[in-house]
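These protein sequences, in sequence, are chains A and B.
Counting in my numbering, the final residue of the first sequence is number 677, and the numbers go up one at a time with none missing.
Counting in my numbering, the final residue of the second sequence is number 1179, and the numbers go up one at a time with none missing.
Treat the hints loosely; a few may be bogus.
[Claimed, not checked] Just some of the chain A residues that point at chain B, by a computed CB distance under 7 angstroms: (1) Met27; (2) Ile154; (3) Asp185; (4) Asp231; (5) Ser234; (6) Glu279; (7) Thr336; (8) Glu340.
Hints in this document: simulated from the structure, not taken from any laboratory.
Ideal placement from N, C-alpha and C gives every residue a C-beta, glycine not left out.
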Amino acid sequence: MPLVILSPMTYAAGSLDDLDLESLMAMDIQVTSAMKRSQSAFDTATSIYVLSKERITHSGATSIPEALKMVPGLVVRQLDNNQWAISARGVASRFSSKMLVMIDGQSLYTPQFSAVYWETLNVPLYDIERIEVIRGQGGQLWSSNANNGVINIITKNSLDTRGLYADAASGSQVNIDANIRYGNDISDIGSYRVYGHVKDGDASEKGLVLEPNDVTQQYSFGGRMDFSTSDHWSGFVQGDITESKLGQNYRGVIDDTNRNITFTDKLERTDSRVMARLENRMSDSANQMLQVSWLNQSGSQTYLQEEFESFDVDYQMNFIYQALQLDWGLNYRYSTISFEDSLFLHSDKEFDNLQQYGGFIQAQFALIPEELDLVLGTRAEHNDLTDWEYQPLARLLWKPQDNQVLWSAVSQSVRIPSLIEFNDNYAINGQKVSEVLPFSTGIEAIDEYHIKTYLNGNDDVEAETSLSYELGYRLSQQSWNLDVSLYHTETEDVAVIDINPNVEQFYPALALFQSGQLQQALQALTQTTIQFDIVSTADLTTQGGDIVLSWVPADMFNAELGYSYNTFEYDLPENTFPAIGRDSTTRQIFAKADVHLFDSHNIFATVRVENSDAYLTENYTLLDLTWNWAVSQHWGVSVTGKNLFAGSHLEYANRQETYTIPNYIDESVLFKVTANF
Amino acid sequence: MHKITQLLHVLLFSFLLFTSQSAAAAEQEYALKAGFLYNFARYGEWHDSALSPDKFVICSPDASFTETAKSVLNQRSVDKRPITIRHIQFELEQVNQCQLLFISSASLSDWLSWQKQQDYIAENTMVVGESKGLIEAGGHIRFFIASGKVRFEVSPQQLQQSGITMSSKVLRLGRVLER
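Given only the sequences and the hints, what does the whole structure look like? Please build it.
Have a look at this one:
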């Protein structure tokens, strides 16, 4: 039982402690499996946390970001009722996270922002098998831009979702959140499921600057078909489409004042994806996989129209030969990006498509069988912006006893610049003349005048390279487990903003001012601009660690305590300031309890203490509490209280972000009815 | 490009030569299947329980399976009856001693010809296998592999005819066949 909590991924041969039918069904027959190698989380030389489907259902979460709030070491900050900033081992931002997010291995990474639109990422939670979160470098195995971590959402085989499922929830901030799914066999070769989802959410109660407008209207439809023609060939095809209408408050420079103006708008988005995977078990110790996927995201709001499309092909093979396990793969990605120029944004390099291709190889040798393993690997990937990039790693895993693991890793990861950094120019909040010039003119019209200011992407920006050192320890005892990981990461070529007011350009205006021609001086000022350039000249040090203690004294009770500590420190050249995040320290405490009472009742509680100076907010402590009651074999009800004891609180107040205006997050209650036939 | 293709072929070819040598992976599959058999035993109901009242007997003519099952099911019991794993030959007397019989793909053809010769119809023995055609040949449950995981199909009707009922807890996880 304790192993299930720590390693619900898959068990290596010989660690079949629990013969529960459902856990047997979750295990892979091979020590190698399709998407990369699957192995026991306990034996993984990386800082990994697995969110099981039981936890997700018990928690009462209604979206992926809400479920991710349970992961120790992950920063999940809610900007308002539909926007999120999520990251690990760094400062989370809405538009940049250096974190790779995937659904069944399909990347959702948007090259425009290097982030993910969490608000429109819609995977039905009841169809999730598990969510694997890797804290720290994941680039060697998964892809570039995984410096801070990888989130891999793995959905269930449709063979395991046959029958009818429906739920409907309503509460203090949600008018309706309803789901329906139906699945069945396709003769004796496969199975399918189709689902639909509708959500209508209210706005928050209190805004920071404007009246909240963060309403949500969302419709999704999707399905999956799995087949296995023989024990050697299987595969699946899945697709879905989500239509979202999201109320948002934001700001932008849209007129001659050259100043940020706040406004209220509705963002309309359509997100669709399709993927197909073919898996071939070539022998007892080898398999291969081919995956093809397509993604389209289009967003439309008053001042911004964008469309992003990507086509991905991945091939991969894993095999074992005596003491050697080898994984290798090839990948190709073609993306098209259309970002219409708007009042405050234009692109100068006109990138409308990007290609990325490369491969990885990873070898694991048993230096001492069952005791000491060495993993060596690298990824070489070409991209259109910075050419070839390499991400090597070495890991060492020492298992002095069956229930103890000590691991360490040295790795290099790469983040390719996003198009904002490389290609785009933004009009940002104008600079006051009095802040630019070393003296004041004493004339308000001039001193207070805001000079047009641009933030410019720069095609000299290089890829950010991080060198990480990691150390971890795991211990599994009869009724409790310990998982500790520490890291130190040095990053070079970090993108920062270079300020050069170019004072000479003000001389004509000053000359006019001195000769008393005030009108002409003002007129001359409208011709001046200040250019902020993105340059990759800074260094960054991040370090910290996570500790998770899980306790399972009985079948009906399990609990978890986690502590996470991260510091973020820039080394900035003169005249530059940080583009993403600021020097800061983040501490988190997590406590979770999952209690089964009288067979049909379950109580799940999560307490989080967030203490950080990275988001310009007060520290906060909140409790999410869910009571699930299985009324009968087919019917269930639940009540969830979210953000309890935190009152109305701000989770994100970084005003330096050009766009974002957050709201206060409220306490809320949600009632839910579930039917399962 | 030609060099890369060449390299790929060398890689592919070299591993095809040595894939048969890894026993660990096959063991994992049989370990999982043994775990499933344990659950079929726990959630099945044998109408005539007169057979071996003091132990629960799981048999297979495949030694590689029985070896793995012994280590996985060591110390386990079904309704307080300890599980015994037996490596058997296809002989009526031996087969009749088994509450659960596992026919591996390696032993399928032997099983089919023996069954024909004997005109054997399973009674009080749950017949589980892993090859296509097993259910058609009178077996009850067949394992298959889907996306690297063990799944099973089951014929409740044929189980019933052999005097065994399977709990809905198991049936809802498998693919239920109409025959």
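Evaluated hints:
{"no.": "1", "hint": "Met27", "result": "6 angstroms, holds"}
{"no.": "2", "hint": "Ile154", "result": "11 angstroms, violated"}
{"no.": "3", "hint": "Asp185", "result": "6 angstroms, holds"}
{"no.": "4", "hint": "Asp231", "result": "4 angstroms, holds"}
{"no.": "5", "hint": "Ser234", "result": "5 angstroms, holds"}
{"no.": "6", "hint": "Glu279", "result": "6 angstroms, holds"}
{"no.": "7", "hint": "Thr336", "result": "25 angstroms, violated"}
{"no.": "8", "hint": "Glu340", "result": "38 angstroms, violated"}
Hint violations for this structure: numbers 2, 7 and 8, all remaining hints satisfied.
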